[in-house]
Each structure stands twice: as C-alpha cells, then as structure tokens.
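Peer 1: Listed here are the chains, written in short residue letters.
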Amino acid sequence: MQYLPNIIFALILIAGVGFFVKNIRKLIRNINLGKDVDRSDNKAARWKNMAKIALGQYKMVRRPVSGILHVAVYLGFIIINIEVLEIIIDGLFGTHRVFQPILGAAFYGFLIGTFEVLAAIVFIAVVVFWIRRNVIRIKRFWNKEMTGWPKNDGNIILYFEMVLMSLFIVMNASDIAFQEAGIGNPISQFVYPLLSGFSPETLHLIEQSAWWIHIVGILAFLNYLYYSKHLHILLAFPNTFYAKLKPKGELDNLEAVTKEVQLMMDPNADPYAAPAEGTESDVPEKFGASDVTDLNWVQLMNAYTCTECGRCTSACPANLTGKELSPRAIMMKTRDRMEEVGANIDANGGTFKDDGKQLLNDYISPEELWACTSCNACVEECPVNIDPLSIIIDMRRYLVMEESAAPQELNMMMTNIENNGAPWQYNQMDRLNWKDEE
Amino acid sequence: MIVPTMADMMAQGKQPEVLFWVGAAGSFDDRAKKITRAFVKILHQAKVDFAVLGTEESSTGDAAKRAGNEFLFQMQAVTNIEVLNAYEVKTIVTCDPHSFNTLKNEYPSLGGKYEVFHHTQFIKKLIADGRLDINNSVLKDKKVTFHDPCYLGRANDEYESPRVLIKRLGVNLTEMKRNKSTALCCGAGGAQMFKEPEKGNKDINVLRTEDALATKPEIIATGCPYCNTMMTDGIKFKEKENEVVVKDIAELIAEANNL
Ligand code: SF4
Ligand code: SF4
Numbered sequence: 001m002q003y004l005p006n007i008i009f010a011l012i013l014i015a016g017v018g019f020f021v022k023n024i025r026k027l028i029r030n031i032n033l034g035k036d037v038d039r040s041d042n043k044a045a046r047w048k049n050m051a052k053i054a055l056g057q058y059k060m061v062r063r064p065v066s067g068i069l070h071v072a073v074y075l076g077f078i079i080i081n082i083e084v085l086e087i088i089i090d091g092l093f094g095t096h097r098v099f100q101p102i103l104g105a106a107f108y109g110f111l112i113g114t115f116e117v118l119a120a121i122v123f124i125a126v127v128v129f130w131i132r133r134n135v136i137r138i139k140r141f142w143n144k145e146m147t148g149w150p151k152n153d154g155n156i157i158l159y160f161e162m163v164l165m166s167l168f169i170v171m172n173a174s175d176i177a178f179q180e181a182g183i184g185n186p187i188s189q190f191v192y193p194l195l196s197g198f199s200p201e202t203l204h205l206i207e208q209s210a211w212w213i214h215i216v217g218i219l220a221f222l223n224y225l226y227y228s229k230h231l232h233i234l235l236a237f238p239n240t241f242y243a244k245l246k247p248k249g250e251l252d253n254l255e256a257v258t259k260e261v262q263l264m265m266d267p268n269a270d271p272y273a274a275p276a277e278g279t280e281s282d283v284p285e286k287f288g289a290s291d292v293t294d295l296n297w298v299q300l301m302n303a304y305t306c307t308e309c310g311r312c313t314s315a316c317p318a319n320l321t322g323k324e325l326s327p328r329a330i331m332m333k334t335r336d337r338m339e340e341v342g343a344n345i346d347a348n349g350g351t352f353k354d355d356g357k358q359l360l361n362d363y364i365s366p367e368e369l370w371a372c373t374s375c376n377a378c379v380e381e382c383p384v385n386i387d388p389l390s391i392i393i394d395m396r397r398y399l400v401m402e403e404s405a406a407p408q409e410l411n412m413m414m415t416n417i418e419n420n421g422a423p424w425q426y427n428q429m430d431r432l433n434w435k436d437e438e
Numbered sequence: 001m002i003v004p005t006m007a008d009m010m011a012q013g014k015q016p017e018v019l020f021w022v023g024a025a026g027s028f029d030d031r032a033k034k035i036t037r038a039f040v041k042i043l044h045q046a047k048v049d050f051a052v053l054g055t056e057e058s059s060t061g062d063a064a065k066r067a068g069n070e071f072l073f074q075m076q077a078v079t080n081i082e083v084l085n086a087y088e089v090k091t092i093v094t095c096d097p098h099s100f101n102t103l104k105n106e107y108p109s110l111g112g113k114y115e116v117f118h119h120t121q122f123i124k125k126l127i128a129d130g131r132l133d134i135n136n137s138v139l140k141d142k143k144v145t146f147h148d149p150c151y152l153g154r155a156n157d158e159y160e161s162p163r164v165l166i167k168r169l170g171v172n173l174t175e176m177k178r179n180k181s182t183a184l185c186c187g188a189g190g191a192q193m194f195k196e197p198e199k200g201n202k203d204i205n206v207l208r209t210e211d212a213l214a215t216k217p218e219i220i221a222t223g224c225p226y227c228n229t230m231m232t233d234g235i236k237f238k239e240k241e242n243e244v245v246v247k248d249i250a251e252l253i254a255e256a257n258n259l
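Going down the list, the sequences are from chains A and B.
With the first letter of the first sequence counted as 1, position 233 gets the number 233 in the working numbering; the numbers rise by one all the way through.
With the first letter of the second sequence counted as 1, position 236 gets the number 236 in the working numbering; the numbers rise by one all the way through.
Simulated from the structure, these hints should not be mistaken for lab results.
Honestly, I wouldn't trust all of these hints.
[Unchecked claim] Residues of chain A clear of chain B, computed beta-carbon distances all greater than 10 Å: (1) Ile-14; (2) Lys-22; (3) Asp-38; (4) Leu-92; (5) Phe-99; (6) Ala-105; (7) Leu-254; (8) Met-265; (9) Phe-287; (10) Cys-375; (11) Val-379; (12) Trp-424; (13) Tyr-426; (14) Asp-430.
[Said to hold, decoys possible] Straight-line alpha carbon distances no greater than 27 Å define the calculated BS3-like cross-link-like pairs of lysine-lysine that follow: (15) A:Lys-244 to B:Lys-167; (16) A:Lys-139 to B:Lys-177; (17) A:Lys-246 to B:Lys-113; (18) A:Lys-246 to B:Lys-90; (19) B:Lys-142 to B:Lys-199; (20) B:Lys-180 to A:Lys-435; (21) A:Lys-435 to B:Lys-41; (22) B:Lys-90 to A:Lys-259; (23) B:Lys-113 to A:Lys-43; (24) B:Lys-199 to A:Lys-139; (25) A:Lys-59 to B:Lys-113; (26) B:Lys-202 to A:Lys-139.
The structure displayed is predicted, hence computed values, not measured ones.
Every residue gets a Cβ at the ideal spot worked out from N, C-alpha and C, and that includes glycine.
Bound conformation, chain B alone (with noise of 0.2 Å):
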C-alpha cells in the first residue's frame, strides 16, 4: 500500500493536499488497522494527493487530558504541533473524533491553526466534488444502524455527514431509540477505553449494543475506532457475531466500491 510521509514529501519538496492523522489507535490496534487501510483506498481511489507523519506522529494527547494530566496533554500538544507547523501542515483529515475533537478545538490556542476533517466529513466533501461516488448496489437494502460517536456528534454537532454517507450505500438505515444527539455513549471515552470501568450492574457498552440490537440490524455502522472495538465487544457479549457485523464507515465504503 503507497502511502506518502510528510518526510517524503518534504524532500520531493512537495506540499501535500491533506494530512491524514492517522491516530494511536489506527496505527496500532488490529482492528482499527483495518479501518485506516480501508480510508487510504477511498483516498486513492478519489485520487487525494495525502500524506502522513508517520513514525513523527504521537498521541493527540485526548485521554491524558481527559484523565485529567493537563501537563501530559500539553506536553503532547506542544511537540505534535511543532511537527505539524514545520510541515506547513493547512489540512487534517482523521477517522478518530477524539484526535478530531482535540486538533480542531484543543490545539488552536496552544499555536496550532488547521482545517480538521473528519473522514466522513471529507468523504462528504470528494462525492459533493465530484471527486468520488459510492456505488450503491453492493450493499442494497442492508440493515444497517449508525452509532453516533459522542465526539464526533454532541460535541461537535456532526449528525449528518455519516448519514449522507450511510444513506448513498443503498442501504435500510434504521435509527436507534437513542440517536444523535441523545445517543448514549459507547463507553469509551473520557479514557474509560483504558481502564476497567467504576462497579455497577451493566457494562455501557452492553447497553448501547442493546440499543443497537432492539433495530433488529445486520450491520452496526461505526465511525470511530474506539466506539468500533466497544461495540464488537458488546456484540460478543451478546453472543450475537455470527448476525450482526460492526463497520467503520470508510470500510462499508470501500467494500461497496470493491476496494
């Protein structure tokens, strides 16, 4: 698979069109890996001239400043927009909403000014430019339903870019009791990805399966990787992975467009 670093690019003297902030995550967990590799295909395939940091990237610093290590955060912030910054960096596209949440609203006031894409927001973006289509015949009339990912949706009011997306499948998009903004979270966050969670009666993942599970779908669709794991989880749980499959958005993309 080509994929461009910054470096490269830089000693080709080139500048590319957008960065693609891969995320620890997408760079590191198996599951999620899959979920990177299948948005490179939509970039190649649309013809995005992007590249990544690569080896230079670190962690947005998210769950260390959720978790409350301010200085961890800042630390981090500091040294990834220095990198950013010498790579003249204008553009960002991530599949991860908390590195999404954290470049486009945390790093502004520490000096670090980018335009911040979500995937599905920039795959928005190539199809409205004629850039990319989605074929919407392999995945017909599936049963699909989307779980909002709290970073992406309450806390940055982005309800419609996946949908558009999850609706140009050609799929049956059925929504959850608890949807966008009062979807419930899928436990993840707040760096709950990383720990085992406080006692209670139920795991939240398990519920936010349930809620996912009474749309009685045959493909669960995710946008983010951490919601992606919970609810493969949650899925297991249940006992349910023989019928039930859960997807990032860029791979049900890229499945329909044979990638």
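This is chain A alone, in the form it adopts within the complex (with noise of 0.2 Å):
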C-alpha cells in the first residue's frame, strides 16, 4: 500500500502526458490539411528569427509594459520548470526534494530562492495582466470578436497561473524542515508564520495537498493550452521559424496562374487544340482560397499560434476607421473553422464529410476582406510574425478568380487595366501627355 501514492501519481502522469500528445497530434494533422508551401530555404535566417522573435521575444517588447511583463511572465516559467523536474521525480519516486542531497544545500538554496522570486515576480505581472485586462479595459482586449470564450480564455490563463504559483510559494512555506534550513525561502518565509497556529501534521497536509494540486494544476494546464490561444507559448517557436523570410510587400505569385498565363501568352500555342492524353481528368486548379484546406499549411500553423493579442487589429487602419475587419478576428475564425473540420474528420472516420460549411461566408465575409489596404501593419505589428494579410489575398483571389464576385469599381478597374494598361480610363497613347503639359 505504501507505493500507491507512487502509483496514483504515475497514472496521472501518464494521462496527462497522454492527452496531451493526443491533443498534439491531432493539431498537426489539422495543420497538414493545409497545402504544401516550402519554408526549407535560407535555414539559418530562419533559425535567428526562431531565437530572436520567439526566444529573444524582440517583437514583444516594442510596446513596453506589456512587453516587459511578458518577459518575467516567461522567464518565470521557464525556469520553475525545472522544479516541476524535481516534483515530477519525487512523486514517482516517493522521495522528497531528491535534488537537495544532489546539488547540495548551498546551490539548491540558490535555487528554489530564484524560482521563490520569479513565481512573486510572475504573480505580480499576471496580476497585472488582468488588471488590464479587465479594470483598465485596454480597448484591444475588448473588440467585438473578444467576448465569450476569447474572453474567458484570457482570464482562464491568468487564474491558473495565480493559482500555480501561489500553490509554489505555499508548498514551501508549509515544509517545515525546509523552513528551518532556512536556505531558498525569501518569500516563502513570510507566508509561513501565516501557518504558525497549525499543527505539524496540518501543516504536512497541507504541503502535500499543495504539491498534488499544484502537480496536477500543471498537468491540466498542460492540457489546456490544445484548447487556448495559450498554445502560442508552443508554436511561437515553429511559427517563427516558418514565417515569410522576403520583403512584406512582396505576395507571391500563383504558379498555377503562370502557366495559364505562358500558355495563353505562347504565340506557338495552338489555342484549337485537344488537350492533352490524361489532362482532362485532372482535377483544375482551384484559384485562391475559400476553405482551409486551400490555405497553406503555415496560415494554418499561424491560425493555432495566434494569442489574440489584438496587436494587429490596434494597428489596422480599417479596423481604427470602424470597419468591419479585425486582421485578429481572421486569424481566430480560421482556426475556429480549422477545428470544425478536424472535428468532422474524427467523426467521420478519417474522412472529410460535407458540412456545406466554409471559411468564406460562414466565417469571414467579403465585406472584410475588401476593407483591406494590403498595408502589412497587422504583420508588422504580430509579435509571433502572422501573416493575416496572405489569407486575406487568398481570399480575395477566390472571390475575383472563381466567383468574379469584386465589388462593382474593381471590376472597372480591371476592365480598364485590361483595355487601356491603367486602372483609369484613359488612353494608353496619351501616356505620355505630361510631357508636354504645364
């Protein structure tokens, strides 16, 4: 009897550790619905972006309170994980701080002190994270597609952390023997006179408790972030990693579409001719995207990345002016969508079963997409470099390629593009007018 906690502690572990992996993978085969782009050139650009902007959290700290906050809040974490290395080791164990006899008393003093000061330092940060969140209102984090599980999502996050850090700072001051060691405590030392009224068997119920919940706490925000904008702090670095490399302004140019183009543009085309044996059957290229499966695999990484900051939105000028696009809300409704579809598959057995549902219309209407003025703020602004303005594009090419569906001016436009080289209505002879004129 005496290994059952060992055991029940072993079981949690695995599940959790389980779920997790489940959640994972059925993240990348949701990503992989996506098209194939090749991100597999200029490696070590790529690298140094990873440890800059994900690592380095460059981006991050342009706006500076926010920034800074963020970096204790994730310095803090980082390292209090090793701790959880610690726990992870005493539960299937049964021993009790096991690294204290390893490192000696001194260093591992140092130590669990740190991680006494970061959980403080975290706790603090996060408190004020939801400060402004939720009393300062910082406009953002109150746009229109931020109510309901967004909203809640965002304070979730901060509970729990409140919480897993308060269960630290706890633990320790109801050890009593580590109390008297008095080594690593600085903050733990003032919770426990808080203590002093309890009995020493109290006070170890109360570590333990404090230990198993704070275990399992961990666990479960493990678990959690599948369903959170929380998973940023996971695919942040892959995101990073992928991200477009070549200038911001440059969009790509559809291959399918060159071809097309070289054929029509070949004057040695025979534009009377059979198509070729096997062509036919082919399947035609769809232009543009309407769906998430015509998106790319990293617009779909990008949808699961995005922490819905509001970064992009607060500075999109469309949005600024009341329009009805939020380059946020495009990212949140492509995941939203993407998890629709791989709900849908795992219902149906691995395969996709028409829903007579998509991304454009149900989710995102051409209304916003032609608010855009292709000005890259929203992916300037991104800290994990997103990309809303390659979906938007991609959208656009579905509504004009496939449905003809522009708005009536930007069909005019293109007519004269077509007619006369000039988006005007105006004589491609008379370019050269200027000249001459005063």
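Both chains are sitting in their own frames, so use the hints and assemble them into the complex.
Peer 2: Shown next, in the form of structure tokens:
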C-alpha cells in the first residue's frame, strides 16, 4: 500500500501527458490539412528569426509595458519548470526534495530561492495583466471578437498562473524542515508565520495538498493549451521559424496562374488543340481560398499560434476607422473553422464529410476582405510573425478568379487595366502627354 | 520638357543609364503628373541619362494583384517584362512605391530582374555621388511632417531615404505619432484607391490627416502619388487647405533648387 501514491502519481502523469500528445497529433493533422508550401530555404535566417523573435521576444518589447511583463512571466515559467522536474521525480519515487542532497544545500537553496522570487514576480505581472484586461479595459481586449470564450480564455490563463504560483509558495511555506533550514525561502518565509497556528500534521497535510494540486494543476494547464490561445507558448517557435522571409510587400506569384498565362501568351500554342492525353481528368486547380483546406499549412499554423493579443487589430487602419475587418478575427475564425473541419474528420472515421460550410461567408465575410488596404501593419505588429494579410489576399483571389465577385468599381478598374493598361479609363497612347503640359 | 523614350534611344543605338518608370498615376493623374515633372527636372539637373517607355509602358498590375486578380496581374507583368527585357533594361527608378514594390519583388520570379529604385533612394544616391545638391535655404525652417508610404516603408523597410532628403532641405521635420514601421496607411493601398471604402465611422485618409495635423505642419511631405491624393483630400475635408500643403519630396526638392 505504501506505493499507492506513487502509482497514482504515475497514472496521472501518464494520462496527462498521453492526452496532451493525442491532442498535439490532432493539431499536426489539422495543420497538415493545408496545402504544401516550401519554407525550407535559408535555414540560418530562420534560426535567427526564431532565436530573436520567439526566444528573445524582440517584437514583444516594442510595446514596453506588456512586453516587459510578458518577458517576466515567460522567464519565470520556463525556469520554474526545473522545479517541476524535481516534483515529477519525487512523485514517482516517493522521495522528498530529491535535488537537495544532490546539488548541496547552498546551491539548492539558491535555486529554490530564485524560483520563489520568480514566482512572486510572475504573480505580480499576472495580476497587472488581469487589471489591464478587466479594470483598465485596454481597448484591444474589448473588440467585438473578444466576447465569450476568447474573453474567458484570457482570464482563465491568468487565474491558472496565479493559483500555480501561489501553490508553489504555499508548498514551500508549509514544509517545516525546509523553513527551518532557512535556505531558499526569501518569499515563503513571510507566509510561514501565517501558518504557525497549525499542528505539524496539519502543516504536512497542507504541504502535501499543495504539492498534489500544483502538479495536477500543471498537467491540467498543459492539456488546456490545445483549447486555448495559450498554445502560442509552444507554436511561437515553429511559427517564427517558418515565417515568410521575403519583403513584406512581396505577394507570391501563383504558379498555377503562371502556367496558364504562359499558355495564353505563347504564340505557338494552338488554342483549338485538344488537351493533352490525361489532363482532362486532372482536377482543375482552384484559384485562391474559400476554405481552410485551400490555405497552406503555414497559414493554418499561424491560426493556431495566434494569441489573440490584438496588436494587429489595434494597428489596422480599417479597424481603427470602424470597418468590419479585424486581422485578429481573421486568424481566430480560421482556427475555429479548422477545428470544425478536424472534428468533422474525427467524427467521420478519418474523412471529411461535406458540412455545407466553408471559411468564406460562414466565417469571414467579403465585406471584411474588401476593407483591407494591404498595408502590412498587422504583419509588422504581430509579435510572433503571423501574416493575416496572406489569408485575406488568398480569399480575395477566390472571390475574383472563381466567383467574379469583386465590388463593381474594382471590376471597372480591372477592365480598364485590361483594355487601357491603366486602372483609369485613359488611352495608352496618351501616356506621355504630361511631358508637354505645365 | 525633354523626355527621351526607350524607342528613341534604341533608334540612336544608345542605352540610357536608367529607365524612369512613370506609372499610371504619374502618367494620367493631374496632381501626380506634377510630381513626374518635378522628378524629371531633378534628373535633368543632375544630368542623368534616362528614358521612359512612354506609350509602351502599361500598368504593373499591382492593383489587380492586390484586388485578387492574379491572372490580370501576370498578364500585365509578362507583357511589361517582355518590353523591358527587349530594351535590355538593367536599372529602373520610379516615383510610385507600388510600382517599385511590384517591379522589385514580384517581377523577378516571372523573368524580370532589375535593380529598382524609389525616387527618394535614387536622389539620395545622386547626392552621395556628388551629382546633385539640395539648396537648404529656400524652405528653411518650414514645419514639415512626412507620411511613410506603406509600400516603401513596411513593405520594403525603407524609412531613411525620404528622411535624409527632407533633412537636406533644411526644414524642421516633426514625426507623427505613428511613423516609420508603425505609420498608418493613407487608405489607398490594396486597390482601395479605386473603390468606395467599406462602411465604418471614418475614412482612413481623414484619420491619417489628423495624425499629420497633430504635428502642426505647414507641409505634409509624401513619397507616393496615391498618398498625395489621399492626404490632399484629407486636408480639404478638414478645411485646412489654406494652411497646409501636401507635396511630394521630388516637388520640394525641385522647389528648393528653383527648378
Ligand atoms: S494589411 Fe489589411 S488587415 Fe492588415 S493591418 Fe493593413 S488593412 Fe488591416
Ligand atoms: S495575429 Fe498576431 S498580433 Fe494579431 S492577435 Fe494574433 S498574435 Fe496578436
């Protein structure tokens, strides 16, 4: 019977990690619903981007207040994970503070002391985040896409972190031997006196409870990630690695179109020739995107990575002037639709069954798409290099090339380019008239 | 105004140093034509051996591409590239950041590889090479603010060239609250120039004009014909046309140098 806690611990650990792995596989499956795109070039620049932007939080600190607080939480969270390792070993083998004798009292004390300070800093930062969201009500957290789940999600994460950090301190404060050793308790020593009324048995019970809730909480949080914007703590890394390296102004030249244009422009091509053997059965290429499966996997990964911070939307000229478009909403809707398609595939034994819905219209309206000025402010602002503009352009391509559904004035503009070589109705022969006008 | 075409040059067996890509706005829009002429005066003063395509130039296809019409864009691109390559063009300069971006970034993979300059970059180079100087006394101490065009700034990371030139004018440059990489779009890009805006509570150019007016400028400097139109309209909307003028950097230099 004495191994019961260890067995229970092992089972919880396996279940927690197992469920997480299952969801991660689903995540990868969903991202792979997207079309292929080659982002294997220039590895050196990609590693550098990842180091600078994901690891180094380079773009976060462009907004100093949230940036610096975020760095604090991020560092705290990573470093405290060393402590989680000790917890796991203790849990599995029934030891207590297994690192203490290994590392020596002084160094162990130093480490735990650092963690305590970090936990306190994280706690304070998280409280400030909560105040910014709920009391100061910073505008970007109150846009219309930030109701319901996205709003709750943001707060749940903060509560989670507050509780986890508190438990860590309580765990240390209620450990009599640890407190009496007087090493590594810069924060918990102030909590210890508050517990002085309790008997040693009660204190032990508190310590054990805090320990268990802490580790179960961490596993729960791990599994919460998949359902939350907090997934960015994992995906920020691949997302910055695979982000576009080309100038922001450069839109890709659709290859399928290049082929057709070459055929059309080739004076040797016989327009009446029968299509070559075998090509008839080829599925005609769909131009642009009307659903998530028409987007590429980087765009889909972008959607999972989006942390709904709204920096993009708060810089978007269309959104700032009250238009429907919000680049953050574009990312959120893409993720929602991807989740829906994924669930559909799971429910139908591995294949997608037409649900009569798509990303276009059911999630994202043409009105949103047409409001974009392609200014790249959203791309510039995003702290994890998400590219909402590329999705907007791909969906416009579908509207124009598959549905001929551009606004009337744009159709006129395009007709003018086609006929006069200018977006206005001028004669190409008048192109040089400016030379003789004053 | 003497403006040689590539066809003239070819007939004389000459290859100019640079092709001036005028762009559709610079060719047809009355306001933008003034920018075109100002830039040509600068080219003349610096004795740059240049030519234009004239009637052989066609839309780069930028607006079509951003509106989603990739077919039309590539048709335009392939046609233009054929002309440019036939004239063996190596270097291009343009006053239009949209043409600049498209020629520089989107033409290469379709077979059109050129060295492309925005006019502010090119003028900066002329000064560095000692071929041009800017008189810093004419506009001295005028209060100027500069609106970054998205397609020069964020799209291509060029924030310095226009500022180097503005400072050379001897003016008093004040930055708007949103500038360089955080600059607000004028509202014209992505084919918005050619349509009514979606419904909202304000037009983008008005918001951007408010950004500019907050610096209390006498001159709003621009580096893009579309920005110029947008900001000019914004100034009219705010009924400030008697106090503030909108001028392209090329026009300011031409004015400073009495061209
Ligand atoms: S590129 Fe489009 S969506 Fe992004 S900030 Fe500019 S207008 Fe908004
Ligand atoms: S796209 Fe980027 S900037 Fe916009 S909300 Fe998502 S994470 Fe934030």
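Peer 1: Now, for every hint given, state plainly whether the structure supports it.
Peer 2: Against the structure, the hints come out as follows:
The beta carbon of A:Ile-14 is kept farther than 10 Å from every beta carbon of chain B, the shortest such distance being approximately 48 Å. The Cβ of A:Lys-22 sits about 39 Å from the closest Cβ of chain B, beyond the 10 Å cut-off, so the non-interface label holds. Remark: the non-interface label on A:Asp-38 is consistent with the geometry, its nearest Cβ contact in chain B lying 13 Å away (cut-off 10 Å). Taking the minimum C-beta to C-beta distance to chain B, about 50 Å, the non-interface status of A:Leu-92 holds against the 10 Å cut.
Every Cβ of chain B is farther than 10 Å from the Cβ of A:Phe-99; the closest lies at roughly 46 Å, confirming the non-interface assignment. With a cut of 10 Å on Cβ distances, A:Ala-105 stays outside the contact zone with chain B, its closest approach being about 51 Å. For A:Leu-254, the requirement that its beta carbon stay farther than 10 Å from each beta carbon of chain B is not met, with the minimum near 5 Å. For A:Met-265, the requirement that its beta carbon stay farther than 10 Å from each beta carbon of chain B is not met, with the minimum near 6 Å.
Against chain B, the non-interface label of A:Phe-287 is violated: not every CB pair exceeds 10 Å, the least being about 7 Å. Residue-level check failed: A:Cys-375 sits 4 Å from the nearest beta carbon of chain B, not beyond 10 Å. Look at A:Val-379: its CB is around 8 Å from the nearest CB on chain B, not clear of 10 Å, so calling it non-interface is violated. At roughly 6 Å from the closest C-beta of chain B, the C-beta of A:Trp-424 falls inside 10 Å, breaking its exclusion from the interface.
Not every CB of chain B is more than 10 Å from the CB of A:Tyr-426 (nearest about 5 Å), against its label as outside the interface. Interface exclusion of A:Asp-430 from chain B breaks down, the closest Cβ pair being 7 Å apart, not more than 10 Å. Distance check on the hinted pair: A:Lys-244 and B:Lys-167 sit about 34 Å apart at the alpha-carbon level, beyond 27 Å; violated. Note on A:Lys-139 and B:Lys-177: the hinted pairing holds, with a Cα-Cα distance of about 18 Å set against a maximum of 27 Å.
Between A:Lys-246 and B:Lys-113, the direct Cα distance comes to roughly 16 Å. Compliance with the 27 Å bound is thereby established for this hinted pair. Restraint check for A:Lys-246 and B:Lys-90: satisfied, since their Cα atoms lie roughly 22 Å apart, inside the 27 Å limit. Restraint check for B:Lys-142 and B:Lys-199: the C-alpha separation of about 37 Å exceeds 27 Å, so the hint is violated. Distance hint between B:Lys-180 and A:Lys-435 is unfulfilled; the C-alpha atoms sit about 33 Å from each other, more than 27 Å.
A C-alpha spacing of about 11 Å is found between A:Lys-435 and B:Lys-41, which places the hinted pair at or below 27 Å, so the restraint holds. Distance hint between B:Lys-90 and A:Lys-259 is fulfilled; the C-alpha atoms sit about 26 Å from each other, no more than 27 Å. Of the supplied pair hints, the one linking B:Lys-113 and A:Lys-43 holds, its CA atoms being roughly 24 Å apart against a limit of 27 Å. Between the alpha carbons of B:Lys-199 and A:Lys-139 the distance comes to roughly 21 Å, so the proposed pair stays at or under 27 Å and holds.
Taken as a hint, the A:Lys-59 and B:Lys-113 pair is broken in the structure, with Cα atoms around 32 Å apart against an allowance of 27 Å. Distance check on the hinted pair: B:Lys-202 and A:Lys-139 sit about 18 Å apart at the alpha-carbon level, within 27 Å; holds.
In the structure shown, a violation is registered for the earlier hints numbered 7, 8, 9, 10, 11, 12, 13, 14, 15, 19, 20 and 25, in ascending order.
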